[in-house]
Every structure is written in C-alpha cells, then in structure tokens.
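All chains should be built: construct the whole structure from the sequences, respecting the hints.
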Amino acid sequence: MENLLWLIPALPFLGAILLVLFGGRLPKSLLSLIGVGSVGVSALVTILLGFEFLAERPLYYQQEVWQWFSVAGFTPSVAFHVDALSMVFIFVITFVGFLIHLYATAYMADEADFARFFACMNLFVGSMLVLVLADNLLLLYLGWEGVGLCSYLLIGFWYKEPANGYAARKAFIITRIGDTAMAIGLFLLFQLFGTLNIQTILSDAPQVWPVGAEGALLVALLLLGGAVGKSGQLPLQTWLPDAMAGPTPVSALIHAATMVTAGVYLIARMNVVFELAPLAQLLVAVVGAATLLIAGFSALTQYDLKRVLAYSTISQIGYMFLALGVGAWSAGIFHFMIHAFFKALLFLCAGAIILALHHEQDMRHMGGLRKSMPVVFWTFLIGAGSLAALPLITAGFYSKDQILWYALAGENGNVWLYAAGLAGAFVTSIYTFRMVFLTFYGPAKTHVSHPPGKLITIPLILLAILSLVGGFIELPHNFGHLVLFSELLQPVLPAIEASASLAANEWLFQLLAAVVSLGGVFVAYLFYIKSPYLLHRLMHNGLAVRLQQFWFAGWGFDALYDNLFVRPYVFLANLNKRDIIDSFYTGLARTAEGFHVMLSQSQNGVLRSYVMGIVVGAIMILTISLFL
Amino acid sequence: MSTASMEAALLLAGILFMLGLISVLIRRNIIFMLISVEIMLNAAGLAFIVAGTRWVQPDGQIMFIFILTMAAAEVSVGLALILQIYHQLKTLNSDAANIMKG
Amino acid sequence: MILLWMIVLLMAGGVLAWLAKRWHPVLPRWIALFAILTDLILACYLWLGTPTAVTGSSPWLVRLEIPWVPQWGVNFILALDGLSLLMLLLTFFLGALAVLISWREISTKSGFFYFNLLWVLAGITGVFLTMDLFLFYFFWEVMLIPMYFLIGVWGHANRNYAAYKFFLFTQASGLLMLLAILGLYFIHGSQTGIYTFNYFELLETTLDPLAARLLMFGFLAAFLVKLPVVPFHSWLPDAHSEAPTAGSIILAGLLLKTGAYGLLRFVLPLFPGAALEFAPWAMLLGVVGIIYGAILAFSQTDLKRLVAYTSVSHMGFVILGVFAFNEWALQGVVMQMIAHGLSTGALFVIAGFLYERLHTRDIQQMGGFWSKAPKMGVIALIFVMASLGLPGLGNFIAEFLTLVGSWQANNWLTVFATIGLVLATVYSLRIMQKVFYEPAPTDRPLPDLNARELLITLPMVVLILWLGLYPQPILDTARPSINQQLEAYQEPEVEEKKVVVAEVPEVELGIEKMSE
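Going line by line, the protein sequences match chains A, B and C.
Read in the working numbering, the first sequence has 339 at position 339, and its numbers run on one by one without any break.
One gets the working numbering by counting positions in the second sequence from 1 and adding 628 to each.
One gets the working numbering by counting positions in the third sequence from 1 and adding 730 to each.
Calculated directly from the structure, the hints in this document are not laboratory data.
Idealized CB from N, CA, C, for every residue including glycine.
Mixed in with the good hints, there may be bad ones.
As the list claims (entries may be wrong) - With a straight-line Cα cutoff of 27 Å, these simulated DSSO-like cross-link-like pairs (lysine-lysine) come out:
1) A:Lys530 to A:Lys371
2) A:Lys28 to A:Lys160
3) A:Lys28 to A:Lys454
4) A:Lys160 to C:Lys1164
5) A:Lys371 to A:Lys445
6) C:Lys839 to C:Lys751
7) C:Lys1105 to A:Lys28
8) C:Lys1164 to C:Lys1105
9) A:Lys160 to C:Lys1105
10) C:Lys839 to A:Lys28
11) A:Lys454 to A:Lys530
12) A:Lys530 to A:Lys445
13) C:Lys1102 to A:Lys160
14) A:Lys577 to C:Lys1164
15) C:Lys1102 to C:Lys1164
As the list claims (entries may be wrong) - Interface residues of chain B toward chain A, partial, derived using beta-carbon atoms under 10 Å:
16) Leu649
17) Val652
18) Leu653
19) Met661
20) Ser722
21) Asp723
22) Ile727
What the hints assert, rightly or not - Distance windows between CB atoms, simulated:
23) A:Ile47 to C:Lys1105: 34 to 40 Å
24) C:Pro1171 to A:Gly587: 48 to 54 Å
25) A:Gly37 to C:Leu767: 39 to 45 Å
26) C:Tyr1200 to A:Gly587: 47 to 53 Å
See below:
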C-alpha cells in the first residue's frame, strides 16, 4: 500500500491531463467518469492507506518518486511523506473532494465547458494533495501555487463576465503576495539549514535556534505571511468573498473545505518553528482572533447567500488560527476537518438552492424553501447547527469548544483571546440562523424550478451525517473523554496541557459556550421570525445603518487597499506608459537632429562663404599652433 | 647671381596669396574665382621655391612642379564644371549655383 | 570540425535559400528548415553522445583551432562546453520554430528573409562557440546586421525607427566592447610578448584594478545593452514589437541570451576583482530592471510590447544571478536563459497567431477568445503561467534558484526581486484577462490553432514542463562550465562570506549560522 502513495496525487493529475487533451471530443458521461472517477479512486486508495496507517500506526510513510533537481547541495525531491497530519488532510481532500465532484456532475450538467471545469477541479485536487503530501517545502510550494492557479481558473470559470475575471485575478494576486513572503522564508530556511526537507528542518530547528531566536521569529513570520494569504486571514482576507464568483462546487471545495485551509496546514506542519518563536505564535492567535471577529460581523450584514458563507469561512479559519496560535495544534486540525464537512455541506446546499432558483443568490429573494426543498432544508439545518456549534448533537460544538477552552486555559491562552472567540461564536450563531430563517422560513419569493436530483442530495446527506457524528471521535475529558483524534496526531503535533487551576471548572466554560451559541440562535429568531419590527427599528438608527454599511463593505479593507496600492500603482504605471527612460534616448536623437538642422544651415551653396569658412578655420588652426 | 632677400620674396608670396584670397572672397564670377585660386596656388609655389633656395634643397622645386601639375588638372576640371554651370544656369554668378546645396 | 560545420551549414543554407528563390518560391523555407534541423540533430547528437565527458575534469567537449591571421594572433577557435551546448540547442530549436512560424507569414522577398534568418542564427551560433575574442566580435556583428534587415524589411508599421534604434544601441555598445577587447589584447601582449586574441590565454592576463575596471565596463556595455539592463533597455520594446514574429522569437529567445552568455563567459572569468566590486551595483540594476520592467509591462496595450517589457523584467533575474557568484544562482541563470527563451518565445508566437487572425496587437480590441480558440487559450495559459513563475514550469526553477543564490549574496535586494514576482503576476494575468477573458468585442470568428501551429507550440509546452519537472539533465550539462566560470571566485567568495557575516544581515537578524 505504501508504494501506491504516489497514486493519490497522480490520479487526479492524470484525470486533468486526459480532460485537457480529449475534453472536446468525449461525451459528457465519459468526462464525468474521468473527472469523478480519478478523484474517487484516489479517495479509495487514501482510505485503504488510512486503514493500514491506523492498523500499523507507523510514524510516517515515505516515498520518493524522483529527484526533482540537485544543485550544489540543494536537492529537493518529488517525494511524498504521509504522517497523521497529512493523513487527515488527504482524507478530507479526496473524500470531500469526491463528494463535491459527484455533486458537480449534476450541478454543472448544463455547462458547455464541462471538460474545462473538471480538468481544473482535478488539477486542483492533485495540486492540493501534492501540497499536503510534500516532504520538502519546495514541493509544497509547487502544490501551493498550483492550487492558487486552479483557484484562479475556477473563480474565473464564467470568464465572459469581466467581474469574475477581476475577482479571479484579485484572488491570485493577493495570495501571491503572501506566497512571496513564504518564498523569502524558504530562502532563509535554505540558507540556515542547507535543505528544504521538512522533517530535517523540524528536527534540526531546536538545535539551531534557542526558543525566541530572531531567526525563528523571522522564518515563522514569513511563513505566516504565506498562510494568511492563502487562508484569507487578516490582512489579506479581501479576496475570499469575491472568490464566490466561481461555480458553487468550486466555492465548496476550494474556498471552504480545502485550499483555504492550506495556511492552517502550513503552520501546523512547521509547528516546531512556531513553538520556537512564541511571538510569532502569539501573532497567529491574534490574527485568528481578529479575523474571526471581523469576518463574523461582515457575515452578519451580507445578503448574498454565498458571501455569508465566505465570510463565515474566513471566520472559522480564524478559529483554526486561534487554536494553532495558542498551541492547541490538534484542536485546530480537528476544527479543520469538521469545518470541511459542514462548510462543504452548507455550500452544496446553497448551490442546490441557487440552482433551484435560477441562479438567484440574494437571500432577500428567497424564503419558504423549507417546504419545497425538504432534504436541502434538513441538511442545511444540520450544517448550520454545526457551524453555530449547537451543543451536544453537532460536531462543530466539540471542535469549537475545544478551541475556546484552550484559548483560555492553554499555555498561551488568555482571557482576551477567549473573549474574542466567545464573541465570535455568538456572532456566528446569529448570522448562521439569520441565513436559515431568511432562506427557509417566511413566505416564498421565488419559484423553485428544478428540485435537486439524487446526485445532489446524496453528497448532502453523507456530509450531513459526517457533520453530526464527526465530532464524536474527540470528546472533552469531563464527559466521554474520547481522544481518538488528538491521539492520532500525537506523534506529529505537540500536545497541550490545560492550566490546572481552570481545569476543575471546565464544565462551566462549556456551559457558557453552549449558552452563547443558543443565545445567538435566539437573537436571530427574535429579529427574523418573532418580531421583525425590531430589525426595522434598528435599521432606522443612523449609527446602526452606518455600521451595517461598514461591515457590509468588509470593514473598508477593499477600499483601503484600492486607494493605497491598486490605484497608485495603476496610475504610476499608466503615467510611465511611454517609458521615461526612453525619452532620454529620444532626447539624444532629437539633439543630434537639432545639430543636423543647425549645421545644414551653413551649407548654403554660396561658394564664397565656404571659402570664408576655410580661411577662418585655417587662421584659427594657425593661431592655435603658433601660440600653443 | 643677384639675390633678393628671402623676406622680400616671402612678402611677395604673401601679398599674392592675400590678393588671390580676397578676390576669391569678393568676386562672384566663377572664372575670376578660378583665376584667383590660380594666383593663390602660384603664391604658395613661390613660397616653396624661396624656401627651397634658402635651404638649398630640391624639395621646393619638386613641390612647385607638383603644384603646377595639380593646377593644370584643376583648371581643366574647373573649366569643364564652369562650362556645365554656364550651360545649365546661363550665368557665371557663383551665388546662382547655390541650388546645388544638399 | 562538427562545430565549424554547424556554422557553415547555416551560412551556406542562407546563401542557397536566397538563390533558390529563383527556382521555386517555396524552396527557401524548406532549405532553411533543413539546415536548422540538421544543426539541431548535430547538437542533440553532441549532447547525447558525450554524457561521460560532461562529468570529466575539463569542461570542454569539443575544440577546434585553426590559425587565421597568425601575425595578429587571430585564430579561428571554436570550443564547446556544456553552457555553449545548451545555448546551441536552444538556438537551433527556436530557429526551427522561427522558420515554421514564418511559413505563411512571410510572402515578400522570402529568399532574402531566410538568408537573413539563417545568418542571424549563424552569428549567434558563432558567438556561443568561439573562444577567440576577435572572432567573437566578428560574430557579434554578423548577428547584428541581418537582424537589422529582418526588422527593417519585414517588420510592422514603425519598423524603420525600431531597426535603426536596435542597430544604433547594439552597434555603439559593441564598439565599446571592441575597444575593451583591443585593450585586453595589448595589455596581454605587453605583459607576455605574445599578442593573441585567444580566450584561454587572455584568461591568464593579470590586470591592475583600474585597467580591469575600464575593460570590464567595455564588455559590460555590450552585454548589458544586449541583455538588456534597465537604463539601456529602450531599444528592446521597439525592436520586439516591430519585428516579424520570427524576428521577435529570435530577439527574445536568443539575442538577449548572447548578452547573458557574454557575462558568464567573459566578464566573470576575465575580471574577477572588478566584477566583485561591481556586484552590488549590478544586482541593484537587476532588481531595478525586474521591477521597472514589470511596471511598464503592466501598462502596455500592445501585446507584443507588453511581452517585450516582460523580457526586461525577466532578464533582471539574469544579471541578479550572475553577480551573486554562486552555483545556485548561475544554474538559475542558465535555466532562466533557456526557460525564458521558450516561454517568451511562445508568447510572441501566440501574439503572432493573434496578429495573423486579427491584424491588431492591441489587447483592448481582444477578449473572450477562450471559447473561440480553446487550444490557444490553454497554451497561452501555460506560458503566461510560466512567465509569472508558476512551479512545475521551467521559469520557476530558474527564478527560484537565482533567488536562492542571490539571497546568499544580498538579502534585501533579493527581497525586492521576489516582490517582482507579485508584479509579474499582475501583468501576466492582465494578458489572460484582456485576451481570453471578458466578453468578445467583435463577433469575428477566430479560428483555433491548426496543425502547423500546434506543431510549433506543443513542443514548447512539453519542453517547458520538462524543464520544470525534471531539469536535472540541463543542470548537469551546465555544471562543469559553471564551475569553471566560478573558479576565480572560490577564494574571494570565502572572504566575501566573512564580510557579509560581519556586516549586516546575519547579525541584524541574529541568526546563528550553521557550521557548513
């Protein structure tokens, strides 16, 4: 099984290549078979590998496919390394990826560019798998940029709409800014370690750096730069809401479940470096806390169903960053997995709704869908419950509770981070149920034209089940005390100890989290079902309106970046379109031309003036030669 | 052999040269300009001969023969050109020939 | 002898092509294609046939020496090492593509066109092969004049201006190089009593610092203009955008590379001291070029001009890497020369295809071509991605190695060069956006690539992928000659490292250096 490791990323790549080469000629059924089948087989191999991994419990499996290149001791390989951390990721990527591909065959059935869509999707899955399986940072960087490319292509899938193209471009460029920081981090790492092999760096780092070394800080910050770019965290989060221009399966797979969590993976993967740089780690937590709040408030005010989900993704990744930042490594990864389930579910449900309503995405034009789309309603409700972390029954509760608990009681935790997390949880549950109430309750405003078919509902049901039961593999130790997940990750990620003084009262904080989550649901219920006039009254308050607009515009980040970077750049570039340096040379040419004109004046054709010129010249030369 | 002083001879050459030069500058008729050029050439030739005698070297006379040959060649080419100019322009005014400027 | 045959074949093929026009109008292009392909096969044979010699001690694979003007010490020396071999492969490959691309495009005076094309290639081949400075200068000029005709006769609307500009820039800078060559010749002669233009013997010359500096600037003038480095770049956009497609390919893919090659072959080993002194400035010029070129590329609306400015930006990496003086950077530079030749060549090819179909190079008038010409879209996408340095394609390896190498030499400049990658993304995506995305401004049909066009572009796609995924054969071929060029720096490099450690970055960052 171990030798088949390379198949996991290779199969989707093969699918992509086949689709590119023969996409135009094959019938749609065959295209779907290639597109879905390649990811499906890859998922199958992953699951088999996973069983073997769970049975044998090795530290890792490793396979070198070929040596990429070798220059003066710089010898990155195309080699795959799978340990518990990457195992979790490849499971999510292939399995959720497979479900989304399956869903997409129905969702995209009417598209002319079916082959292009699946080629990009397969390419994405392949790149993402390379990213998480890479045994060295350069290969990881390959996957990292590869997923960026696919994200670009898929956001701009409906390329005829200029806005989509711009959204795609924005996503690529902003993530590339982060990638640049990461690339510099790689140069620095290579200079210090002489290799980019992840395991070597992780094992050597404690010898090279003492805790708090500035080198470690610098590397950690640069890697963090890459992570915030890819994961849509502050300050590079602005691309993600716009990325919703892509087809909904893309949003589900790339911009919710997998690619945007690459930053989480990177930080978790390089955990040793971050542990050696406590300042950087704290910054990770702060970035996470700030992002989860900012995005949460923005989500409250959006009307576009997908934009709400996009902001909620940013916010949930903020939770993951918070977890990583306080040292609750496995809690962060756990939340990643659960989030992948429920967020993919929510996006797919949203897709089903959008498809049923003729590409209507505005929640103000929805409503009353509870009756007409019961399967979608129930699965969406499960997803929403999980996102809002409704206590006990949903998986989201277990993962988020863990994060909140360690944000307070972990060794790096503190009250502020906890407070931010808790406030975020409250906001999350409000906007989630606002979404549920606006979409499924109230009077129907748009007629449902296509009820979702089996290919759409099956992935929904499977993901809904996972969003419910996925949490039960890791239960808090005051009830159940099941630690299957963190035990699995134990060899890869450092464990975290809760502070003893607080541990006795853990149940109190769990209760608080549960109350906050339910409170949020109640508030949403109050405003959107019970007494909508409250909302009306609120919207007549000037301050509230301004706040609403500010949040709606994503806290003005877009405008800020536009005015600070984009416009000056475009302005300067256009100003210099004719190339100022060239004008030096044209100036030179002009001067020569001027002399030409001047001297040609003297050629007047009057013979006597020429003679005069000769005489004067001769006299001057004679004088000079006499007196010098 | 009576000898004129070199200074006097050179002065004569100088005066001749200046006369030639001035008339080249002020004359418009091309024929006269050509004649003036000949005067200048001969002035230069005289200076060569004077210098040759002074230092008892044959070079001066050789140079004079050179100048003579060159002057002959120049006159033949010059006259041919002048004929052409006259044909084309019906005048010998050198200023009228400025249409030939580049 | 095989080396001489390569050049003679091209020159003879050129003359024959010119004459053959009288017999049959399609004969010239077949002759040209045949001559170049034969050379390509010869070069491949050399490459595949001598794998053991590559790892041997001497980097020189083949050498040919014939006295030419013995009283002046001028010899006809051709020598081939890994670097030259790679450059030759690139030359003949792009040369063959240039013939194929002109297959239909060139209808007027086609005999003379192929004559010029082959003579440019012959000149380039000579530049890459010769190890006699006199002969080097000769070939340097040989590639200039036919290129002038290529631009001036078959170019677009503003061709005369562009051709003059190209000629004046390269000629003036070439004369400075000639002065430097003569200076070197006489200094060497007065020192040893042997007046010779032989590169191998001139390498032994010891120069006092001032002379070294002056002579180096003479050589640099020619190479920096050819490369081009930023204040001397302004001939390039005009020449590239006005030249016919084949001319643009040769300019971008090969002529620029002669500048880079000259830096590696002559400046580094001949003037190690002066080069070390100049290194920070050179790297600064490189970084300025990267960023300045990228900004200019962004604002262009003429597709070919846009691509031309991307060349300026990409060539910044070359000079950045050359003056970092370590193997990573130099390997990166060699990779960059090849990968850029392919990727930019391909972008010009695509611009040529578009021009053929639309008769415009203005990207404002394009758009929405993805659905009309999906094959072209995919191929354009690949090369646009190559130009922004997407991993998995050749340019990434090149840029990454260059930056890894230059990072060892200068941290801050490398940081700015890396920012250039973001700007590269900005202008590259603009190409995609304007040409292939957005609604189509006209309903005019746009035929997709035909078989001949696919035959041109697919090999480039395969090669750029190969360079990106398994560049080892290239790196292995280049290694011996790169080490040879770096030999002069082995001693100073150690010193330099100490200086670096003592000076800024490490201390500032508080990084403990690992024992090496």
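Now the hints, each set against the structure:
1. A:Lys530 to A:Lys371: Since the Cα atoms of lysine 530 of chain A and lysine 371 of chain A sit roughly 19 Å apart, the hinted pair holds (cutoff 27 Å).
2. A:Lys28 to A:Lys160: 22 Å, holds
3. A:Lys28 to A:Lys454: 18 Å, holds
4. A:Lys160 to C:Lys1164: 11 Å, holds
5. A:Lys371 to A:Lys445: 13 Å, holds
6. C:Lys839 to C:Lys751: Given pair lysine 839 of chain C, lysine 751 of chain C holds - Cα atoms ~8 Å apart, limit 27 Å.
7. C:Lys1105 to A:Lys28: 19 Å, holds
8. C:Lys1164 to C:Lys1105: Status holds; Cα separation ~17 Å.
9. A:Lys160 to C:Lys1105: 17 Å, holds
10. C:Lys839 to A:Lys28: 50 Å, violated
11. A:Lys454 to A:Lys530: Violated, because 35 Å separates the two Cα atoms, which is more than 27 Å.
12. A:Lys530 to A:Lys445: 19 Å, holds
13. C:Lys1102 to A:Lys160: It holds: about 12 Å lies between the C-alpha atoms, which stays within 27 Å.
14. A:Lys577 to C:Lys1164: 17 Å, holds
15. C:Lys1102 to C:Lys1164: Since the Cα atoms of lysine 1102 of chain C and lysine 1164 of chain C sit roughly 14 Å apart, the hinted pair holds (cutoff 27 Å).
16. Leu649: Hint on leucine 649 of chain B: holds, closest Cβ of chain A at ~6 Å, below 10 Å.
17. Val652: Hint holds; valine 652 of chain B Cβ to chain A Cβ min 5 Å, cut 10 Å.
18. Leu653: Because about 6 Å separates leucine 653 of chain B from the closest Cβ in chain A, which is inside the 10 Å limit, the hint holds.
19. Met661: With a minimum Cβ separation of about 7 Å from chain A (threshold 10 Å), the hint on methionine 661 of chain B holds.
20. Ser722: Holds - the Cβ of serine 722 of chain B comes within 10 Å of chain A, reaching about 4 Å at its closest.
21. Asp723: 5 Å, holds
22. Ile727: 7 Å, holds
23. A:Ile47 to C:Lys1105: 34 to 40 Å: At 37 Å between Cβs, range holds.
24. C:Pro1171 to A:Gly587: 48 to 54 Å: 37 Å, violated
25. A:Gly37 to C:Leu767: 39 to 45 Å: Holds: the Cβ-Cβ distance is about 42 Å, inside 39 to 45 Å.
26. C:Tyr1200 to A:Gly587: 47 to 53 Å: 49 Å, holds
Violation of the numbered hints given earlier is confined to hints 10, 11 and 24; the remaining hints are satisfied by the structure.
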